[in-house]
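There are 4 protein chains.
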Amino acid sequence: MQFGSDNQSGVHPQILAAMTDAASGTAPAYGEDDWTQAVTERLSDIFERPCQVFLVATGSAANALALSALCPPWGGIYCHHAAHIINDENTAPEAISGGARQLGIPGDAGKPDPTAIREHIVASQIHGVHNVKPSAISLSNVTEWGAVYTPDEVAEYGAIAREHGLGLHMDGARFANAVVGADAHPADLTWRAGVDALSFGATKNGAMAAEAVVFFNDEAAEAFAYRRKRFGHLWSKHRFLAAQWLGYLQDDLWLDNARHANAMAAALASGLAAIPGVDLPWAVEANELFPVLPTAIATQLEQAGATFYPWPEQPGMVRMVTSFATTEEDVAEFLRIAASVTD
Amino acid sequence: MQFGSDNQSGVHPQILAAMTDAASGTAPAYGEDDWTQAVTERLSDIFERPCQVFLVATGSAANALALSALCPPWGGIYCHHAAHIINDENTAPEAISGGARQLGIPGDAGKPDPTAIREHIVASQIHGVHNVKPSAISLSNVTEWGAVYTPDEVAEYGAIAREHGLGLHMDGARFANAVVGADAHPADLTWRAGVDALSFGATKNGAMAAEAVVFFNDEAAEAFAYRRKRFGHLWSKHRFLAAQWLGYLQDDLWLDNARHANAMAAALASGLAAIPGVDLPWAVEANELFPVLPTAIATQLEQAGATFYPWPEQPGMVRMVTSFATTEEDVAEFLRIAASVTD
Amino acid sequence: MQFGSDNQSGVHPQILAAMTDAASGTAPAYGEDDWTQAVTERLSDIFERPCQVFLVATGSAANALALSALCPPWGGIYCHHAAHIINDENTAPEAISGGARQLGIPGDAGKPDPTAIREHIVASQIHGVHNVKPSAISLSNVTEWGAVYTPDEVAEYGAIAREHGLGLHMDGARFANAVVGADAHPADLTWRAGVDALSFGATKNGAMAAEAVVFFNDEAAEAFAYRRKRFGHLWSKHRFLAAQWLGYLQDDLWLDNARHANAMAAALASGLAAIPGVDLPWAVEANELFPVLPTAIATQLEQAGATFYPWPEQPGMVRMVTSFATTEEDVAEFLRIAASVTD
Amino acid sequence: MQFGSDNQSGVHPQILAAMTDAASGTAPAYGEDDWTQAVTERLSDIFERPCQVFLVATGSAANALALSALCPPWGGIYCHHAAHIINDENTAPEAISGGARQLGIPGDAGKPDPTAIREHIVASQIHGVHNVKPSAISLSNVTEWGAVYTPDEVAEYGAIAREHGLGLHMDGARFANAVVGADAHPADLTWRAGVDALSFGATKNGAMAAEAVVFFNDEAAEAFAYRRKRFGHLWSKHRFLAAQWLGYLQDDLWLDNARHANAMAAALASGLAAIPGVDLPWAVEANELFPVLPTAIATQLEQAGATFYPWPEQPGMVRMVTSFATTEEDVAEFLRIAASVTD
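Chains as they are written, first to last, in the working numbering: chain A, 1 to 343; chain B, 344 to 686; chain C, 687 to 1029; chain D, 1030 to 1372.
Calculated from the structure, these hints are not laboratory results.
Bear in mind the structure is a predicted one, so any value in this text is a computation, not a measurement.
Take the hints with a grain of salt, since some may be wrong.
What the hints assert, rightly or not - Cβ-to-Cβ under 7 angstroms is the rule here; a few derived chain B residues that face chain D:
#1 W417
#2 D431
#3 N433
#4 T434
#5 E437
#6 A438
#7 G442
#8 R444
#9 Q468
#10 V472
#11 L589
To be verified - Which chain B residues stay away from chain A? Per the calculated CB distances, all over 10 angstroms, these:
#12 A372
#13 D456
#14 H470
#15 R535
#16 L623
Stated by the list, open to error - Just the calculated beta-carbon pair ranges, DEER-fashion:
#17 C:Q811 / A:P13: 32 to 42 angstroms
#18 C:T801 / A:E119: 48 to 58 angstroms
#19 B:G648 / C:Q811: 55 to 65 angstroms
#20 A:A304 / B:Q380: 55 to 65 angstroms
#21 B:P356 / C:A845: 58 to 68 angstroms
#22 C:T801 / B:P356: 57 to 67 angstroms
Don't be surprised by glycine CBs; every beta carbon is placed ideally from N, CA and C.
Sequences and hints are given; from them, build the entire structure.
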């Protein structure tokens, strides 16, 4: 009953098999191999346009490197105040961008309020070089509070970005869960809505350590190979990043894994909602849920070995995350224990 | 007949097996897992003292992060002018250290001349803040020109470092090959000779993407966890970095792989030396050799599909690298073709 | 009737005279001159303890360099959310610290709420390297909202800093006005209350371009000469920074100038308070006042050539700043016009 | 008899008068004043084209900021191995550029060998992102060894820069001396020969602390205002930087001062050349000379209070620098003493 985070799960067999297949024989290093080329082609197919793709091992690297390509060192990056990039990646965005600043914006469901962003842009123009220069917007999809964006919602940020000359980044550490949750096309959630660069995560959804920075903006991508190299993120045996991606995309595993994880979260939410005393103030749209648990229930679950973390937004609120590896048995057992307490 | 680089080889089965064993089940993320703890214990055993160990995926990350812990942003890092850190990692040392400068020093066999380092330290003290502050020495072992250090040689740099308050770093991307090549104890080549931090490589010697920064100096290691995190090098599914290391260290695989690679290089060298017209100006001490090949031989080998790269130090010189995966058949075939040309 | 900012005033004759006296003859460059030594001695006298003093030309440089000495690149700096360092210096703190993050804290009168700082420190410790490491507190004295600190108030932050291992910085761009406003001893407002480093401003109070970073903490000061040099802030003809300071400190000019400026602000406040419709919601404790002016009055004053800036905290609020050069005639004229509108 | 450096001289009366004239009254801060506008106009007149001009207080700031506008953080900057930027400004170029690397190139007279630059550019292209990206060339004019460039010489670097897409920077800390020494038009020495950005110094030639970054390339200048601000180099009382420049340029003071300094150097060289045992291996083309002095002469001069510094290129070589303030009496006395020793 591990619901602490989807990054506590292991590696999906199909992805491990792809890595194993790649393990013997020699191949050119540093991304000059065939696996890497194939990943770019597959992602270009999925997004229905040519993409520039750069693979790295961690989400923090993907995010900070992508932002550094969209924002100068004197720029400001609008994001929700609870976003992963501002709360959970130390000062990676500053370090890798050369000092750009993240500007935490409030908003419902983990989505930064577009009106607040517009107002901040206008206000900052009064002060010229004394202020940070508004330069980028970063959206987490899935948001840090478990919600997903519709294509129209993303497009609203895209419009702001175009109007004011900002770049638009999407932190898609859980992009597959967002695609499934919104029942939307990947292209509609990204470049058709104005996204310039996507951090497309595989790690949380079944890979070992594999994230893709997908550029829909060639100019922003231009120097990215240098950026990746100089922060130590270019693998020599690069085929093993690529093999993870090929395994992840093959036969829509990425979507299947996300469908499973989202379904498990829905099942947990549905079961918990039926238990007296449990509150679910936030919508469950992907693979995270944030129930408010009575202390007795929480204690009982923890004693039974269930893992989840307190979430500071509300007293008693916890975050639970499901993954490709979450079993129906664990869900049922969790709900059984939770329900038993209120007897 | 791939002798381009040891990073063009794949993954050793024992290491792949360790990763596969770790692939199922949940584990705490970000290095709080048991695999990671075990790696620190194993390395502390091997080095015969408590070590602080931090795992990352690339050698560039290991080197630049280690140097940033030994050198302030206004510091100078002495290294051989042909060192990997100054020639092949873009500006990673600058980027990750916050602007420290590498000072390329000449010297035989890829070893920076100790006297030149001493003179530079003295000269730079005249100018105070106008110069970079001498802060660290970095040795590549195996050197970029294929040589290995004896413990006494390392200790000479250690003495300079202690005398002048510098840190001593060893870039051990091929540390196993160096240990085998010098027939020396790992501790004698490192902390007993004054090394503060070692970039210990596994990738080139059979792992997929796994390097360890091993600190023998607790003060230097103090903030390293922050450094690693903020440049995006802390894996979430950290057990898979650790599992590679456990597989690598188990039953001395690291040494066996290196012994094999070094033996293959020696066999190539021995065979080539017997061919009229081939010159081997540099000693072959690990898994690299730098023969000067007559054009006719080089052309014939390339046409047969052999890979190796030109090396700019001498006309006609090429670099050949062997690895754990190099076969005796490939060596024999390479020598047969080379010998046939001179007939 | 220029009340836009004290940095729009010129240079006080006594300071200009000191610079003129230094203008002929040769002197050692880069701070090895006698003027510079004398400044350190004078400031050590004033603060009643040995200080380490570093002169620079701008307040942004003084602040960012001082913070970089108190906070590692992965650290967080607590300051009021309206502080100059976070609002008006672009990304200078990030650029010069190597990526440290400023954390804007709310609080009355421009003073960051100590309880909020304590809570944030505790909360951030839960997440280890994933969060910024709480590292420094920066107080603006005079605050951005025109208030001054008592020694006891500063000491409360000093206690937090000591308890949690943080550095304490004071942005004293208007330190003289703060000393006069609080009627406190400079030592009591700084090191006796736990301040490690003070950005002591002279520019706004009569100098041309002269700020001193005064360290009360030798360890923090240790590498400061390197920091100053490598960001281009070490003057070659350093005696002219020092001469400004000698002129500024001679015969307590710094205090006299501040007394005058503060008195002019008090006179403006007193006069405005007597005018129907004018509100003064914030206390006037130094050389800034923030009246809320009826539109008719504001318009009439602007038409008469008075300068002041809108202040976003309240509708109709403006900021007025007095300086050593503000005349009683200008104050009287300003009040006469303001009063005439309500007739 | 101070020949240690031209930055040990004071401020020329005409420049001090301009500053004094600006000292009273209020003016807009941060460069929005009339003085600043006038400097841009005057420099555009002198260079016979519209220029973008940014004033700062130090040469290190001017150089590092200008280079940061011409070179990305992953770029390489070619300069002579003895250049001031690589030898005397700590790591300012790295710090302010975000990590770019200076590549010291040998060459006669302090001029980096153009052929060596071309070869390095070609060689570095082989390795792609693994190498620094050749991005800028920086010439010191006057060179660190006292020579000046002809317009044709500069144009040769300009041609390399255009051919390979590099920026061309000139460190003109002694630009006036170079213009006089080459008897060339400022435009011919800069933009007509391909220079993109000039660090135009006034400090060493009579100002207090005033350098201008002059851009002949609008694209490179685009974000410079942000760069200057975020490293703390935008003065609030900016009129005092501008007033120095107006005084410096008025009635060709800048050229008169340089003519005087160059003439004093020529007189010293001429006198020394006539003294048996004194060697002048390098041409004297501006305001620096590098005689090789017999020990007896050097000792006698030092005992008489003359200042000059040893220069490491040759045993017995010293550097002597003249300035606007050097007197004919000091020159005569110096020569008298030197000549007396050999009697």
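Hints and how they fare:
1. W417: holds (5 angstroms)
2. D431: holds (5 angstroms)
3. N433: Hint on N433 of chain B: holds, closest Cβ of chain D at ~5 angstroms, below 7 angstroms.
4. T434: holds (5 angstroms)
5. E437: Interface hint status for E437 of chain B: holds (4 angstroms vs cutoff 7 angstroms).
6. A438: holds (5 angstroms)
7. G442: It holds, given that the least Cβ distance between G442 of chain B and chain D is near 4 angstroms, below 7 angstroms.
8. R444: Interface hint status for R444 of chain B: holds (6 angstroms vs cutoff 7 angstroms).
9. Q468: Check failed: Cβ of Q468 of chain B comes no nearer than 14 angstroms to chain D, outside 7 angstroms.
10. V472: holds (6 angstroms)
11. L589: Interface hint status for L589 of chain B: violated (30 angstroms vs cutoff 7 angstroms).
12. A372: violated (5 angstroms)
13. D456: The claim holds: D456 of chain B sits with its nearest Cβ about 28 angstroms from chain A, beyond 10 angstroms.
14. H470: holds (28 angstroms)
15. R535: holds (29 angstroms)
16. L623: Non-interface label stands for L623 of chain B: nearest chain A Cβ at 24 angstroms, farther than 10 angstroms.
17. C:Q811 / A:P13: 32 to 42 angstroms: Taking Cβ atoms as reference, Q811 of chain C and P13 of chain A lie about 39 angstroms apart, which means the hint holds.
18. C:T801 / A:E119: 48 to 58 angstroms: violated (29 angstroms)
19. B:G648 / C:Q811: 55 to 65 angstroms: holds (58 angstroms)
20. A:A304 / B:Q380: 55 to 65 angstroms: violated (26 angstroms)
21. B:P356 / C:A845: 58 to 68 angstroms: holds (60 angstroms)
22. C:T801 / B:P356: 57 to 67 angstroms: holds (59 angstroms)
Of the numbered hints stated above, those contradicted by the structure are hints 9, 11, 12, 18, 20, listed in ascending order.
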